[in-house]
Amino acid sequence: MVVAKKKSDKSPVKHPLDPTVMTEIGALKAHPPPAARFDPAADWTAHFRIWTCYGHRERGNRNTGTLRIDRKVRPDGQRMTVQQTLLNSQGKRHTIRATVRSTTDAVASLTEWTLTSAFSGAHMDGLPPFDAEAAGRISGTTWETTADGARHRQEVPSPVTADWCLFEAVQRLPLERKPPLRFHVLEGLSVLKKDHRLWYGGKRNVTWGPEKRSLHQFTQVGRGVYPYEYWLDDAHRLLLVTTGPRAYILDPQPAKVAGAS
Amino acid sequence: MPPGTNPPARGRSGAGRPTLSRRRLLQAGVGAVAASAVRALPAGAGPSPKKSGPNVLLVMTDQQHIATIAARGCRHAKTPGLDGLCRRGVTFMESHSTYPLCSPARSSLWTSRMPSETGVYRNGRPIHDSIPNIGQWFRQHTDYETVYVGKWHLPSSFTHAVPGFTVLTPGVDGQGNLGDTSTSLACEGYLRRRSKKDRPFLMVASFFQPHDICQWLRLNQTDPGRLRYGELADDLPPLPANFEYDRNEPARLRTQRDRNEPGSTKGNWSPLHWRYYRWAYYRHIEMVDAEIGRLLNALEQTGHAAGTLVVFTSDHGEGLGHHQMVRKSSFYDAAEKVPMIVAYPGHVRADVVDADHLVSGLDVVPTVCDYVGIEPPAHVRGRSLRPLLEGRDTAWRTYVAAELSDARMIRTRRYKYVVYRGDPVEQLFDRQADPGETRNLAGQATMATVLAEHRAMLRQWERGLRPAPGLPKDTQWPRT
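Protein chains in written order, with my numbering: chain L, 1 to 261; chain R, 1 to 480.
With the rest of the complex left out, here is chain R:
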C-alpha cells in the first residue's frame, strides 16, 4: 500500500467489537438524508470497481480575493491557517473562477463543467440532472465516505439536501460569522471521531466567510464622513494602486459600480471610508482563516494530514476597491481570480508558488480523481493539476475561459480579453505591462491581431461546450 493511503473498510470498531460501522451509519444517512436529494446518475455511468486512495479534504471559502494570504505577500491580514497550508503545498497565483458569482462558480468546482453546461447561469439554480457532482461520482466509483459541511447553494444555500453527500450541518443561514464556527467544529468532531479502520473520506468544508462583507456593505453604506474608530487610523490599508477606473469601460460595469453601496448613497465614499471597508474585509479574511486553521490543526492532530489531499479555493473574489468596485460579477482580477492551494505531504511539492500556469476551478474534480485513481466524469473541462503539483514537465493550456450570463472572458498568459453582450466596448489588458488592468488596449490599431486571436479563442472555447438544455437564450449570445 503506498504511503498515505487508507486501509479498506472493516465492519468493526477499534476494540474489535462488532458495531454498527460508520459505513452503515452513512448508508443509513444517505437514505434518511438524501432520499429526495440524490438524483439519477447519468446514463452509462454503471458500476465499476470501488477505489480507495488518500483522504480528500476540499476546503472552500466564499468571496475570497486572491491576494489575502500573508504567506503569499498580503500585508494587511494575518492568516496563520492558510500560511501553514501554503508551506505544505503548491499555491497557484494564476487561478481563475469560471464565473465570478456564487452558485455558477460552485457548479463548476463540483463538476468540472462550465456554468452554461451545468445550467447554473445565475444564483440559486441546481446542477443539471445529467451531470454528476464529485460526491455522486465518488459514491458510484469509490468506497469513500462523502461528507459535506457548510454552504452548498445549488440551489439552496444552507441545506441538508446535497446530492452525493452526507451533510453534517449546513451552518447558520446567511451568517458566516457564526455558521463557520459550526462548520469547522463539525469537521473537527468528524475527524476526531474517526477510527483508523474507517473508509477514506471525501470531505467538503464549505465556509461562508468572507461573504459577510456583503452584510458589512449594507450596514456601512453611509459614509459617516469620519473614521468610525479613530484608533484605527494607523491600521487602515491604503487604497489599491488601481483605485481609479477607465471612464470608457463597458456600460454594464459602470451600472454595476453605481448600483453598489459606495456610489448609491449621497455621493461616493470618501477615500477614508474605502480604506475602512478594505480594513473590514481583511478582518473577514482573518475570521475564516481561524476556522480553516482549526480544521487543519484537527487534521494534523488526528494523524490524518499525511494521508490527505487538501485542496483549498474560493468561488470568486471580491472587488476590494480595485477600480472602485465592491463584491463580484466582473472580470477584473479582484473578482475573478481566486486562491488555489493544493497540499498532499510527500506527493505534492511543498512551499512552492506557481505563478506561470493558468488554472481554473474546473481543475479540482480532475485533480482529485487523478489522485484517487478513478476516471473523471465524461466531458470534464478541467485538467488534473498533478503534473504541476509534482513538478513534472507537461504541455499546459494556453488560456482559461470564464463566463457571466452577459459576458465572457479569455485569459492568456499575457492578455485578458472581455466582452459584454451587446456592448461595443471590448476590453483587452496586457497583464504583463499593466497588471492593474487600467489601460484598455482593445481600441488600439496595433492590438488588432491580438484582439482577433482572443476573439477566436473565445469562439473555439464556446464551440466545445455542451450547453445545458433549457438555458435562456440571452445567456448563450456569443455562441455561433
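For reference, chain L alone in the conformation it holds in the complex:
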C-alpha cells in the first residue's frame, strides 16, 4: 500500500522580506499610502504597525505592536516623542516611551533623551514592580545616563544616533548614490551598537498589495542588528522598514493592532 506523504501546512518564505514578498504572504493587502505632500524637514507624525514573520508563508506571522513617532523642529535641532508598544505573549503589553532631542545632521545625532519602560495588560496581578526609567545625554564623546538618581558615564565614539532617529533621518537624505554614512547606534536609547553604515541603494520596482510601485531603498548594516532596508516614496516619506523577520509598516489608520494602542 502506498501511503501518501502528508503535505506540510507550512512552507518557508525562502526570500528576505521586501514589499513584494510581504504582499505574497499577506502582510501588505491594502494599497500603499497614497501619494501625499510630505515635507521631511517639517513637523510630522507617523504611525507604524510592527509586523513579524516566523519564516513560514502560512502561519506565525502577525502584528506584534505599534510605533508612533512625532517629530517637531526646534531652533537647536529637533525633538521627537516615541511610543512603542510590543505585544508580549498571553496579553501582556510592553510600552516604551521616549522623548529625544537630536541634531538635524545626516544621521540625527543624539543629544538628550528620557526613556520609560512599562508593562501592563494581563498577568500583572501580584507582580513586584519592574517598570524602569532613565535619562541620558551625549556631549562630545561622553555618554551620561541617569537611573534611580545615579549617574553613569562612559566614552562613546561619534556620531551616535538611535534606531528611531534613523526613521527620521533617512527621510531627509538625498535620493542618490553617495559614499555610505558611518555612525553608531544607541538602540532603544539604551544599548550601544557600533560600526554602522547606511547607503542609498536605488529605486526598486515592487508589488505592494494590489499595486506596482517604484520605491527608493536605503540599506543599513552594522553590529548587533539585522540589515535594515528603508523603503521611501518619491516624496521621501518612509513607508516601510524591513529588518530580518520584522517590519514597520506605515499605518495611515493607526491603533488597529489589538491591545497595542
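Please note: incorrect hints may appear among the correct ones.
[To be verified] Chain R stretches covered by chain L per the calculated footprint, using a threshold of three residues with CB under 8 Å from any CB of chain L:
| id | region |
| --- | --- |
| 1 | 64–71 |
| 2 | 168–174 |
| 3 | 281–294 |
These aren't lab readings, by the way, just hints derived from the structure by calculation.
All C-beta atoms, glycine included, are put in the ideal place defined by N, C-alpha and C.
For chain L, the structure is supplied; the task is to place chain R on it using the hints.
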C-alpha cells in the same frame, strides 16, 4: 554574615513605612499567576529550614554556539556583555548540552536530570510531576524570591505558567529580536526597584536569541547566487575548517542535512551564501549580547553584582556550517557544546578559562544549591562546579553523556562516541588529534578497545538513570 549575602527579609520598605512587602506581593503573585501551574512537589520533600544566601541570576540564551564570545577567541562578533562576565568568572570550554534541542536541554538545566528522566524527550513536553525544577525547590527550601523572565518551553514556550516562579513577562512569542528587549528591560526594572531589605532573589533571564537564526534560515533559504549586500564582502567570516563532512556518517545525519535549508532548495548553497549565513548568525549573537550587557550593567549599577552568583549558559549550540550543518539535533561539537560561564565576585576565580573539566547543563542546579547552602533534589545527575570555580583539587568526572531521542553520546577528555538507533555506523572521534571531528575512527581495528570502553560507559550511564514513566519505547532503545 559572609560577604555577598543578603540580609533576611523584613516587612517594611526603605523609609520604615509599613507597606505591602515584596514578599507578600510575590506570594499573591504565586496564587494569582501560578495556581494552575504549581504542581505537587515530590513526596518526601517536606518543609525544611529556609535558607538565605547570595542572589542567583541564571542567564540563558537559545541556540548559542560555544565559540561566539570575543573574550574567548571569537573573531567574528563583538560581545562586550559576555566579555565582561568572562572577566569576572570562570569560562568552561568543555561544556556540553544534555540534549541538543530546546525543551529537553532546558528540562535538564532546571532539574539536573537527563531528558529521558524528566520525560521531555522532544520539544513541547512538560517536566514530569515527580521532579522539581529549581524554582519549586527554592520555594520549598529557601526564603528566595523566584522570578522568571523570558522563554520557558516546558511545555509552552512563552507563558506565565512556570511552576515555582513568578513570571514578569514571557517576552514576544517567537521573536527574540523584539522579545529579548522586553526580557532585559523587565529584569532591569526588577533589579532597579528592589530594596536592599528585600529577600534574595533567584532570577532566570531566558533570552530567545540567537534562535531567530531559524527564521533567518527560512527567509534566506534561496541562495540568490550573489552576495545580497556587496558592501559586506570584506566582512564575511570564512567557512569553518571542518566545512566538509564524512560521506559515510550515520544515515540520520545525512537525512537531517538534506532536509535543512541549505540542501533543500535548488542545489546546495554556494560557499558565499554559507558565509553570509555565518555572518548573520554572529549578528544574532551580538543582539543577545547587547541585552545581556544591559542586564549585567543593571546588576552592577544597582549594587547587586558583588552579592550575586551569575551563571550563563545556553540550551544547545548551532551548526554554523561545521560539517555543512545548520541548527541543532546532532552531536557534532557545534550543536552539542554550549557556553558556560560562572561569576561570583570574591568567591569564584576571575578571568579563568577551564579547558580541562567536562561540565554539563546538569551541573547548574547542584552548583546553585551548593552556593545557597541547600541540598540539591534527590537523584540529580550533575555535580557542583564549586571546587572547579574556586580552584580546589577535586576528582572530577571522566565523561559526560548526552541524549537525543534516537541517539546517545559519550564524551571523554580525549574521545567522543556517538551511536544512532538502528544505525550500524557508530562515530568515534579523537578530539585531541581531530578537533574538527572529521575522521571517524569507529571502524578502525586499532580503536576496537577504545570503542568498547565507550560503549561500556554508555551502558553504565544508562543503567544509572531512572526513566520517566510513559516514555515511548523507541526513545529508550540503548537501555538493556
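Consistency of the hints with the structure:
Here the region 64–71 of chain R counts 0 residues with a CB under 8 Å from a CB of chain L, which misses the bar of 3, and the coverage is violated. Using a Cβ-Cβ cut-off of 8 Å, 7 residues of the region 168–174 of chain R lie near chain L, which meets the minimum of three, so the contact claim holds. Proximity of the region 281–294 of chain R to chain L, defined as three or more residues with a beta carbon under 8 Å from a beta carbon of that chain, is established by the 8 residues found.
The structure fails to meet hint 1 from the earlier list, while all remaining hints are met.
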